[in-house]
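K.L.:
Letter by letter, the chains look like this.
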Amino acid sequence: GDNQQAGTDADNPIVLKYAFFAPANTFPAQQMEKWKEEVENRTNNRVKVELFPGGTILTDKNMYDGVKNGVVEMGLSSTTYEPGRFPLLGISDLPSGYPNATVASKVVYDLIQEYPPEAFQDFKIITAFATEPNYLMTNFPVSTLQGLQGKRIRISSSVTPVLTQLGASPISMSMAEVPQSLQTGIVEGIVTSREVLKDLKLVENLSYGVDYPLSIVTFVAVMNKNVWDSLPSDIQQVIDELGQEMAIWTGEYKDSHVAESLDWSKNNHAFELIRLSQDEIEAWNQVLQPLQDEYVADLQSKGLPAEAYQERLYELISQYSQ
Amino acid sequence: MSLVTVSLLGLGALFLLMMLRMPIAFAMFIVGFVGLLVVVSPAAAFTVLTSDLWNQLSSYTLSVIPLYILMGEILFRTGVTRSLFETAYTWMGHLKGGMAAAVVMASAGFAAICGSNSASAAAMCTIALPELKKIKYNDSLSTGAVAAGGTLGIIIPPSTVLIIIALQTEQSVRQLFVASVIPGILLMLLFLGTVFYLCHRNPSMGPTGPKATLQERLASLPGLLPTLLLFTFVIGGLFLGWFTPTESGAFGALGAMIIAMAMKSLTLDNLREALYSTIKSSTMVITLIIGALLFGRFLAITRLPYEIAEFVNTLDVMPFVVLAVILAIYLIGGSLMDALGFLIISIPIFYPTIISLGYDPLWFAVVLCIVTSAGAITPPVGVNAFVVKGLAPAVPMMSIFKGSSIFLVSYLILLAILIAFPQIVTFAVK
Amino acid sequence: MKNRIVDRLDRTSYLLNHGLAFLAGSCLLLMMALVVGNAVMRFFGAPILGTTEIVGWLTALSIALGLGYTQITRGYVEINALVERFPPLLKKILHKAVLVTSMLFFALVSWQLVLYGLTVKQNGNLSETLWIPFYPLIFLIALGFAGLTFAIFVDFFKQLVGDARK
Ligand code: NA
Ligand code: NA
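Protein chains in written order, with the working numbering: chain A, 1 to 322; chain B, 1 to 430; chain C, 1 to 166.
Some clues are possibly wrong.
Stated by the list, open to error - Label pairs and their computed distance ranges (CB to CB):
1. B:Gly209 <-> C:Gly19: 43 to 51 Å
2. A:Leu145 <-> B:Glu307: 53 to 61 Å
3. A:Glu33 <-> C:Pro87: 52 to 60 Å
4. A:Gln165 <-> B:Leu240: 30 to 38 Å
5. A:Asp298 <-> B:Thr314: 53 to 61 Å
6. B:Ala328 <-> A:Asp263: 38 to 46 Å
7. A:Ser174 <-> C:Gly37: 17 to 25 Å
8. A:Glu33 <-> C:Pro133: 35 to 43 Å
9. C:Gly37 <-> B:Thr314: 52 to 60 Å
10. C:Pro136 <-> B:Phe427: 48 to 56 Å
Derived by calculation from the structure, the hints in this document are not laboratory data.
All figures in this text were calculated on a predicted structure; none of them were measured in a lab.
Think of the CB as a built atom: it goes at the ideal place given N, C-alpha and C, for glycine as much as any other residue.
Input sequences plus hints: build the corresponding full structure.
P.N.:
Below is the structure:
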């Protein structure tokens, strides 16, 4: 196309290709749909967003490099899935007592503004949000730490240390293998966010959940820096306005989706959410807190502002939880 | 030049290179890469090429392929399959096409432990083709039966394709698995019917042998034992939850070694040959899969699949016509590119349309799985047919496609049955 | 003289790619053992941490280190129906063109994979479960493609000097 002309009117729009690794029905992809709608409306269709969800062009492993090298203009991926590359974000990914996805998303969005990751130096950050905290869901009732010892629990890799710390036996397998493995008893539970109960019908094999929030998964949407710099300033402004708005929208979307999944699971499959006693909650805290503290100390010793980041994390959580 | 034109040029280039005898995997690699380079940029093409190569090669899901091939190779090199085959020959050899029918049934049995169609085809190839050759079966029929039989691997559960459809359409994997058992068996029966019909009409395709006496038949039975043991172990282990579908490949390979050892037929030479041969076959299969993926990336970025889908969604006709058009697109799409890649791109676009027309989600998922697996044996891009070609280099590609295309009739009959009687799919879970 | 160079090259490619294929086969056996071992250990409540990603790596090595061997043993699928009908001269020219295109492409792939490995190193990417750097494996994959490139080069060279023995 003729770049001089693009973006001046709806007949000759600026085209932004926006990619994501998971299918179109997942909540991050729904966020992309919403963002597309908002940007196109607010710029009077001077921007046209083309969505590529489902990993058809880039996957979770090469999304950010792909955006940097111009495969697509924009990409959405999870920093949690690339350990080592975003050290500070690793702190807020660990269990911190987030009440829900909305708070987690607001917190993560702010933290990224205040502590822009070095790995995103050559990118424009479009928005950031998070899942609800992961919860433990099992096919046997868990009300104490003791009851979890040696149990075979499926994890997504980022949660491995959390489960080891809790005394369970972490097993990593692809989500695709989970349903049959649950059915045959290869695994006895999973740790993930709770919409899978309904979306993947996992409630068929998972009757219990423990009401204790674990780690979160962080998502960051970025744009190629050169593309960003080439955008007219009024369009940049529209996109900037949308940053926090999308973080909140996505958090709320996710929370309502989870609530719906929980209701459905309780009503149709007698799913039971187990509340831990105060003593137990303290016991779990005591086991898990050192994980984050040690990680923070390690990063601090490498010269990163990890302690300040951790302090700000808890400040924001309590601020947004009110 | 519009992007759709570019994508059509890319398709043309792919077929040209293939016709000029460039290895098919190489051709898909090169056209996919150059396509990305032209449509986006060199830097973009390099990023996609290198990171996809690494990520796909190092994916756990693909690991099942070399493991299943290794199982087949060991059974083959140590003579276990020969005795299995001799038993089957003693029992069925006097029937017209009896041995090709045995291949189809063995494929179905294998499909019940294997989740991938190319792994199924590859394993059956190493086991059955040399034996069929010996008793002078028509090449086209043998290779066609193996290629088509392999497609049962993703229709009869467990199946990677069904899992992906379930995840994309938010359905229960278990329900989908249950629902696809009967269509899978139906398809197997249709394949058997095809084999018998062909050999009845033209007996030279599947020469009959002498009819064995009852004593001979009974005496041949112990030849079944090792395979029966192994299959019982692998399938039993799966259902009892000893291991996952992916792990069953490793247990199968180890089990094959143990059985061969017990039969005193596992030598160091055998093992080495089996390993080299496995490496060669799995490299061939996996480069094809990654090539198809890379080529699919190029098609996706030109938005050709999306344009087609959007066009269908705007059609203002009867629901059945929309369904027919969509199924036709899947048949064509599956013939042009890797079924899995095409599914991932197209489900989010077609699925909502189909559901809004009132079709049952479970039914559509199963039908989709069947249609796309047919793509693995339809020319010009039929992954299963390619796999068979790689393992039976002496048979011309045309003969393989000729043989496998006959089985497409079974697919069409099955689709007609499922459209007329959707209960076949849905009753199992209701 | 020509024949001696061809022999040398042939021998080198044979040794290199058989060596790599031997490593590939060993990785495959190791993978089988690891998968079985993990399932058995899981039965006793102590699965081997990181099995999934190690199996992925071993798969990558089994395939990539077998690339050149597959070329030497004519394992890649090709369609020869059309080319068979061409006049011999055209057939030879086309064959050389296909070989040289493939050779250049895979040389490029192998070089770009080295660069990709360096990027992954620089990014500080760690593996998901074990949290260890995995970029050296990418260099091994690049080596596999280098083996393939060399095997194709030898085929091309033989065509070029008109190797009479083939
Ligand atoms: Na199967
Ligand atoms: Na096809």
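K.L.:
CB of Gly209 of chain B to CB of Gly19 of chain C, is that within 43 to 51 Å?
P.N.:
Holds, at about 45 Å.
K.L.:
Asp298 of chain A and Thr314 of chain B, beta-carbon distance inside 53 to 61 Å?
P.N.:
Given about 56 Å between the Cβ atoms, the range holds.
K.L.:
Just to be sure I understand the hint, the distance between the Cβ atoms of Ala328 of chain B and Asp263 of chain A should be within 38 to 46 Å; is that true here?
P.N.:
holds, 41 Å
K.L.:
The hint says 35 to 43 Å between Glu33 of chain A and Pro133 of chain C; measuring C-beta to C-beta, is that right?
P.N.:
Holds - the Cβ-Cβ distance for Glu33 of chain A and Pro133 of chain C, about 37 Å, lies within 35 to 43 Å.
K.L.:
Evaluate the given range 30 to 38 Å for the C-beta pair formed by Gln165 of chain A and Leu240 of chain B.
P.N.:
Because 31 Å falls inside the window, the suggested range holds.
K.L.:
For the pair Glu33 of chain A and Pro87 of chain C, does the Cβ-Cβ distance stay inside 52 to 60 Å?
P.N.:
Since the Cβ atoms of Glu33 of chain A and Pro87 of chain C sit about 57 Å apart, the hinted range of 52 to 60 Å holds.
K.L.:
Assuming the hint says 53 to 61 Å, is it satisfied by the Cβ distance from Leu145 of chain A to Glu307 of chain B or not?
P.N.:
Given range 53 to 61 Å: holds, Cβ gap about 55 Å.
K.L.:
Is the gap between the beta carbons of Pro136 of chain C and Phe427 of chain B within 48 to 56 Å?
P.N.:
Since Pro136 of chain C and Phe427 of chain B have Cβ atoms about 54 Å apart, the given range 48 to 56 Å holds.
K.L.:
Given the hint of 52 to 60 Å, check if Gly37 of chain C and Thr314 of chain B actually sit that far apart at their C-beta atoms.
P.N.:
Holds, since Gly37 of chain C and Thr314 of chain B (Cβ atoms, about 55 Å apart) stay within the stated range.
K.L.:
Holds or violated: 17 to 25 Å for the Cβ distance of Ser174 of chain A and Gly37 of chain C?
P.N.:
With Cβ atoms ~19 Å apart, the hint holds.
Of the hints listed earlier, there is not a single one the structure fails to meet.
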